Amino acid sequence: MSVVTRLEERRLDPQAELGELLACAGGDGAAVSFVGIARPQSGTGQAVDELVLDHHPVLTARSLQEIAVDAAERFDVSHVRVVHRCGRVAAGQPIVFAGTTSLHRRAAFEAADFLMDRLKTDAVFWKRETGESGSAWIEPTEADLADRGRWE
Amino acid sequence: MKILFHGRLAELIAPELALPAQGGCSVAELRQRLASDYPQAGETLANLRSRAVVGTAVVGEDHRVGSGDRLEFLSPVSGG
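Protein chains in written order, with the numbering used here: chain A, 1 to 152; chain R, 1 to 80.
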């Protein structure tokens, strides 16, 4: 089994990440990947030019690793790969890649679902949307917290 | 005492602050002092999801900090 996590300060290439994941999934029968993309609109419909993800020099990478290890231990998966952007991410650009592989599909689906629910609430980032109307801090929504609660 | 702030608190107070030595105090007392000095950050400081960190460990409200210590306050995280 492998768990790979990376905090990426520059461009995130989802196809390259999926390729890396598949390259180590030789004996598996399933691979699931999720790509999160920076939305061009805020929750209230304002145009968003970019997201800015502030991070902690130690605790952010640690949180990614802890979440990925939790997924690997909870589900019968062979490989977990999480790559998350930090810094400035333009609208339309990938912000996170989460991929899993397993012998059978269910575990890979569930582990990827779990990864994203945890990342959306527990990953150590401070996120701002910037656009014409200025800059606004973003916190997990009620829906994000409810999604995370499904795994407790 | 050196204090680093992350997230919203860095914007509301400063990314970094040096407080003059006044003997030791608990994290809870430090929150109150900062909230008094920077009322615009009071609500965020009062939110216990704003965690205090020493080194790389989250510390509790009773943890004591002294004049030579370095403490970080993490605003409630946004998630990814």
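Simulated from the structure, these hints should not be mistaken for laboratory data. This one's a predicted model, so the numbers in the text were calculated from it and none came from an experiment. One or more of the hints may lead you astray.
When the alpha-carbon atoms are kept at most 20 Å apart in a straight line, the in silico SDA-like pairs for lysine to any residue are as follows [claimed, not checked]:
(1) 120(A) / 87(A)
(2) 2(R) / 24(R)
(3) 120(A) / 24(R)
(4) 2(R) / 55(R)
(5) 2(R) / 58(A)
(6) 120(A) / 49(R)
(7) 2(R) / 14(R)
(8) 120(A) / 143(A)
(9) 120(A) / 2(R)
(10) 2(R) / 27(R)
(11) 120(A) / 23(A)
(12) 120(A) / 58(A)
(13) 120(A) / 151(A)
(14) 120(A) / 33(A)
(15) 2(R) / 57(A)
query: In ascending order, which of the hints set out earlier in this document are inconsistent with the structure?
result: Checked against the structure, the hints that fail are numbers 3, 9, 11, while the rest are satisfied.
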